[in-house]
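**Q** Sequence:
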Amino acid sequence: MEGPDDIYRASSLRRGGSSLWTNNATDAFSKSSRDEDDEEALKWAALERLPTFNRLEKGLLATSKGASEINIQNLGFHERKGLLERLINVAEEDNEKFLKKLKNRIDRVGIDLPTIEVRFEHLNIKAEAHVGSRALPSVINFCVDIAEGLFNYLHILPSRKKQISILEDVSGIIKPSRMTLLLGPPSSGKTTLLLALAGKLDPNLKFSGRVAYNGHGMNEFVPQRSAAYISQYDTHLGEMTVRETLAFAARCQGVGHRYEMLAELSRREKEANIKPDPDLDVFMKAIAAEGQKTSVMIDYILKILGLEVCADIMVGNEMVRGISGGQRKRVTTGEMLVGPAKALFMDEISTGLDSSTTFQIVNSLKQTIHILNGTAVISLLQPAPETYDLFDDIILLSDGQIVYQGPREHVLDFFESMGFKCPERKGVADFLQEITSRKDQQQYWMHKDEPYSFVTVKEFVEAFQSFHVGRRIGDELSIPFEKSQSHPAALTTRKYGIGKMELLKACFSREWLLMKRNSFVYFFKLSQLTIMAIIAMTLFLRTEMHKNSVSEGGIYAGALFYTLALMMFISMPEISMTIGSLPVFYKQRDLLFYPSWAFSLPSWILRIPITLIQTTGWVALTYYVIGYDPNVGRLFKQYLVLAAMNQMASALFRFIGGVGRTMIVANTFGAFALLILFALGGFVLSHDNIKKWWIWGYWISPMMYGQNAMVVNEFLGKSWSHVLPNSAESLGIEVLKSRGFFTNAYWYWIGVGALGDSQYYSTFATLWLLLS
Numbered sequence: 016m017e018g019p020d021d022i023y024r025a026s027s028l029r030r031g032g033s034s035l036w037t038n039n040a041t042d043a044f045s046k047s048s049r050d051e052d053d054e055e056a057l058k059w060a061a062l063e064r065l066p067t068f069n070r071l072e073k074g075l076l077a078t079s080k081g082a083s084e085i086n087i088q089n090l091g092f093h094e095r096k097g098l099l100e101r102l103i104n105v106a107e108e109d110n111e112k113f114l115k116k117l118k119n120r121i122d123r124v125g126i127d128l129p130t131i132e133v134r135f136e137h138l139n140i141k142a143e144a145h146v147g148s149r150a151l152p153s154v155i156n157f158c159v160d161i162a163e164g165l166f167n168y169l170h171i172l173p174s175r176k177k178q179i180s181i182l183e184d185v186s187g188i189i190k191p192s193r194m195t196l197l198l199g200p201p202s203s204g205k206t207t208l209l210l211a212l213a214g215k216l217d218p219n220l221k222f223s224g225r226v227a228y229n230g231h232g233m234n235e236f237v238p239q240r241s242a243a244y245i246s247q248y249d250t251h252l253g254e255m256t257v258r259e260t261l262a263f264a265a266r267c268q269g270v271g272h273r274y275e276m277l278a279e280l281s282r283r284e285k286e287a288n289i290k291p292d293p294d295l296d297v298f299m300k301a302i303a304a305e306g307q308k309t310s311v312m313i314d315y316i317l318k319i320l321g322l323e324v325c326a327d328i329m330v331g332n333e334m335v336r337g338i339s340g341g342q343r344k345r346v347t348t349g350e351m352l353v354g355p356a357k358a359l360f361m362d363e364i365s366t367g368l369d370s371s372t373t374f375q376i377v378n379s380l381k382q383t384i385h386i387l388n389g390t391a392v393i394s395l396l397q398p399a400p401e402t403y404d405l406f407d408d409i410i411l412l413s414d415g416q417i418v419y420q421g422p423r424e425h426v427l428d429f430f431e432s433m434g435f436k437c438p439e440r441k442g443v444a445d446f447l448q449e450i451t452s453r454k455d456q457q458q459y460w461m462h463k464d465e466p467y468s469f470v471t472v473k474e475f476v477e478a479f480q481s482f483h484v485g486r487r488i489g490d491e492l493s494i495p496f497e498k499s500q501s502h503p504a505a506l507t508t509r510k511y512g513i514g515k516m517e518l519l520k521a522c523f524s525r526e527w528l529l530m531k532r533n534s535f536v537y538f539f540k541l542s543q544l545t546i547m548a549i550i551a552m553t554l555f556l557r558t559e560m561h562k563n564s565v566s567e568g569g570i571y572a573g574a575l576f577y578t579l580a581l582m583m584f585i586s587m588p589e590i591s592m593t594i595g596s597l598p599v600f601y602k603q604r605d606l607l608f609y610p611s612w613a614f615s616l617p618s619w620i621l622r623i624p625i626t627l628i629q630t631t632g633w634v635a636l637t638y639y640v641i642g643y644d645p646n647v648g649r650l651f652k653q654y655l656v657l658a659a660m661n662q663m664a665s666a667l668f669r670f671i672g673g674v675g676r677t678m679i680v681a682n683t684f685g686a687f688a689l690l691i692l693f694a695l696g697g698f699v700l701s702h703d704n705i706k707k708w709w710i711w712g713y714w715i716s717p718m719m720y721g722q723n724a725m726v727v728n729e730f731l732g733k734s735w736s737h738v739l740p741n742s743a744e745s746l747g748i749e750v751l752k753s754r755g756f757f758t759n760a761y762w763y764w765i766g767v768g769a770l771g772d773s774q775y776y777s778t779f780a781t782l783w784l785l786l787s
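Read in order, the letters of the sequence shown are residues 16 to 787 in the numbering used here.
Hint data in this document are derived by calculation from the structure and do not stem from the laboratory.
Bear in mind the structure is a predicted one, so any value in this text is a computation, not a measurement.
It is possible that part of the hints are untrue.
[To be verified] Result set (BS3-like, lysine-lysine): computed pairs, CA atoms no more than 25 Å apart in a straight line: (1) K290 with K73; (2) K531 with K520; (3) K141 with K221; (4) K221 with K116; (5) K141 with K176; (6) K463 with K441; (7) K215 with K177; (8) K381 with K118; (9) K115 with K221; (10) K510 with K520; (11) K141 with K112; (12) K177 with K221; (13) K515 with K752; (14) K285 with K308; (15) K381 with K190; (16) K498 with K510; (17) K752 with K562; (18) K520 with K602; (19) K473 with K116; (20) K436 with K463; (21) K436 with K562; (22) K176 with K112; (23) K562 with K215; (24) K515 with K215; (25) K141 with K602; (26) K177 with K473; (27) K454 with K531; (28) K176 with K215; (29) K112 with K498.
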């Protein structure tokens, strides 16, 4: 880089004949630049004197007033935007230069970046499934499947499912610093192969063979954290913006080993007296900082994926208007790119994208893989020729077998050796996808003077084993990978990217955001509750209510039952809200973003204020208007029961939503649960009228405990303590006995305790989400 003096001398040579005034002006500007450089050097020297930990938290950021020292954690939106514009102004033109600059900084001090080589040997994957009419969805098949599953579990009947081979004896090597394209016709096993390599296979599949990263078996590290699998399905929370979606993903995945690498880099640079580029230094420190709600890494991924224009627009879903399908596909890709994974397995990431956008994304991935020594296998559906040419290696899969794997340059040579040639105007990718098809193969036969006969996939596979590329792969697989050569930071052994408390904070923050976005639901529930309270006030108006007989006491008991039933009904929206979040939960749980408890706990805790507000509104409107016992203590005791009942109902319906998974099934289960709870709650049928074979349902019903707590609290009050003529007991006791309720005061606290313990539904929901 030229110094101020060099610039000044060059300027003098170019304008040797200029006047003294010009020279003086140039000297003045040169002096100003020199002063700024001196000031920056002083600030950098002060930064270098700090301990390593403090040095990694600070950087020099260029501003309109010159370089200024900033705290990396406090980078604002405009500062991040300005930094990224200086490093990468136009993604298509500047990304490669930026990555090379970053790699040069690392290479200057002799730091090796971690790499991952993936080997898979003799993979065989089979599935069991019904075929023919037994596979069709119908009520009869549904019932038969349940019965058959039970009998199979008890080993009474053998399974009648057929075994279907998905992958058959496939082997190969995925090398670092190379882009691998996975091609194959539909149902050839591409997705299953990617899932097997990423360590995300369904445990119900029958698997044999071995997959190893740098010689380490899958049980020696956490493959879901060492590699990133990007699904072909776009599953997101529609109420979050694109930036929020990526920020949450980055926060959960953590920064991996970036911080340790940067600390070592900074130490070596200090020893060698090397001053890095200030903007690059701030960028690297920012992407290595943990615990940030958003970071410059998010802005970088948004830029290279072309999502800046929609960064602050909601992702959207069937009910919420949001971004386009192509943009949603890019969000799915970006969700994993923001993490620290060093191996990428990407399944049909181009669906819904135009060819130019696909080329831009794949080209950016190619630059990252080549320069930063990453590993990538990408499945594309009919890639354009210019996108196909970006790849180094090709894997062609057909009927669950690898027909070809190796350099892109040799793939046509192999098929020509088999007698098939790709026409000049035919895209190579399209040719490869059609060459194993019985319908399309003949048109590529090159020996027109010889008779053609269909070449099966098995024959292609056998021929490839003797082809020079196939022989080389076989030779390499015969030599085990030396585990000692694996970089210590290549493979991850921690199950989650950040600590438990940080995971909980991230999930709390997201849940609070979703509650604000869905605030209409809670306002609607509060309005609904208010309307129902007004109905109850007019229906059970105290001027028409008296406390002079057992029958009149029964009306008050009915009012209390109505209150409890309403508290159950207004919690039913939890079913739909739970079901709406389940697809994203299952995806992120399987990607090890967070455990089940981190998802469930915020939902439960953040519903408590909603419960308190709803209960306050109901009790404030109805208690004295209906004419319950005027004792303030009993008012607060009723409030406590209703709050506990509402919490119990919310937990119950969240559990039902998790078990049902679909709206039809969950709503059916929810309605059935309400029916059972009401019938066995002690009001519709008293304890004495319930048949012996159903009495167990009475004792486990939360509604029974809530109903008994409410009536005991009310009818043991002072306003019910008077004794009617020809009676030896108070009116309140007589009312309780007439309805089959308990008469002891301690049943209030038994009821409250039982409703509190009913939060085990939240525990059940968490366990179900963990195991399902």
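**Q** Which numbered hints does this structure break?
**A** 4, 9, 11, 13, 14, 19, 21, 22, 23, 27 and 29
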